[in-house]
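Numbering-wise, the working numbering comes out as the position in the sequence shown, counting from 1, plus 7.
No lab work stands behind these hints: they were computed from the structure. For glycine and all other residues, C-beta sits at the position ideal for the given N, C-alpha and C. Hints are all accurate, no fakes.
Derived DEER-like restraints, expressed as beta-carbon distance ranges:
| id | residue 1 | residue 2 | range |
| --- | --- | --- | --- |
| 1 | 37 | 107 | 28 to 38 Å |
| 2 | 37 | 166 | 35 to 45 Å |
| 3 | 282 | 64 | 42 to 52 Å |
| 4 | 247 | 210 | 32 to 42 Å |
Calculated cross-link-like contacts (lysine to aspartate or glutamate; reagent style EDC-like; alpha-carbon spacing at most 16 Å):
| id | residue 1 | residue 2 |
| --- | --- | --- |
| 5 | 183 | 253 |
| 6 | 34 | 133 |
| 7 | 136 | 43 |
| 8 | 187 | 176 |
| 9 | 34 | 158 |
| 10 | 265 | 308 |
| 11 | 183 | 255 |
| 12 | 112 | 166 |
| 13 | 275 | 162 |
| 14 | 275 | 165 |
| 15 | 187 | 253 |
| 16 | 136 | 27 |
| 17 | 265 | 176 |
| 18 | 136 | 162 |
| 19 | 112 | 165 |
| 20 | 34 | 279 |
| 21 | 275 | 167 |
| 22 | 251 | 176 |
| 23 | 29 | 279 |
| 24 | 102 | 133 |
| 25 | 112 | 158 |
| 26 | 136 | 28 |
| 27 | 181 | 253 |
| 28 | 152 | 176 |
| 29 | 102 | 158 |
| 30 | 112 | 167 |
| 31 | 136 | 158 |
| 32 | 187 | 255 |
| 33 | 265 | 165 |
| 34 | 102 | 43 |
| 35 | 112 | 162 |
| 36 | 181 | 255 |
| 37 | 275 | 166 |
| 38 | 265 | 167 |
| 39 | 265 | 166 |
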Amino acid sequence: FLLMSFIEIPSSLYQTFVIEEKFGFNKSSYTQFFKDQLMQLGLAAAIGMPLLAVILWVMDSVGSLWWLYAWAILMSFSLLMSWLYPTVISPLFNKFTPMQEGSLKERIQGLLARCGFNSQGIFIMDGSKRSGHGNAYFTGLGNNKRIVFFDTLVESLDDEELEAVLAHELGHFKCKHTIKMLIASAVMTLISFAILGWIIDKEWFFSGLGVNNTSHAAALLLFMLVSPAFTLFMQPISAYFQRKFEFEADSFAAHNAKATKLISGLVKLYEENANTLTPDPLYSSFHYSHPPAAIRIAHLESTMQSA
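Assemble the whole structure, with the sequences as input and the hints as a guide.
So, in structure tokens, the structure goes:
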């Protein structure tokens with residue numbers, strides 16, 4: 008991960024200071040950019056290296072079922088990070104200000120009450136210090152969930168549109184999309200570890216990749232490097248279910264807020280974020296987690312007609 012982070016810095020620089028700058032989205036400075044990179048690398052080293060050491064120890068010491076123990080450790084770690092992220096990790100990069108009392112907060116609290124969603128607060132994040140893009144999300148697990156609005160989004164949408172956009176995000180929670188994605192991720196990770204457990208002592212695995220070092224550490228690194236080539240065919244399946252979840256969340260929002268306001272909010276977001284309105288079908292089937300704008304809006308309009 009540390010090596011890939013270093014390799015991706017030039018690409019991130021180009022994305023931020025050329026492409027994003029060209030379309031007027033970049034609000035970051037070079038100082039802020041490299042500060043973020045250093046903090047990310049520092050966190051990766053402080054958190055990732057001990058985790059890697061534990062997994063390598065398990066690989067060397069536990070026996071033939073090491074992959075099962077390693078999977079359990081990694082899943083436990085992932086859940087812990089998801090629980091800690093809102094209050095420990097995310098504030099290292101952004102400032103989160105509690106939403107002020109007023110009509111918007113009252114509207115949001117009413118929506119949360121209708122949807123049965125308990126959160127540890129509603130916050131405004133200073134996303135504008137890096138980007139002009141807007142977003143809203145809920146984050147965290149268990150009793151450590153937060154509702155977050157980018158300050159750019161609050162400036163772009165009216166109160167009813169913000170309510171509708173948040174209703175969409177809450178739809179993911181009420182439809183248990185987060186849990187389903189966690190389960191799917193856990194199953195895929197388990198399968199990956201099981202495959203690695205099978206091939207880790209196979210000489211052909213190393214020789215086929217031109218590597219003489221047959222250590223467990225080398226096997227783990229090689230597997231991480233080559234596995235994306237074999238999981239490429241899974242991307243359309245993953246993207247299909249993600250788009251299905253988006254439709255379900257839109258339907259939930261249409262029934263718990265104003266569908267017309269979700270449509271107008273989405274139109275503003277697509278325009279302000281310069282999203283492609285007519286993406287290539289083949290490319291989008293692999294890479295788009297959200298349906299194209301026209302299809303999504305047509306689905307919302309059909310939901311209104313059938314209501």
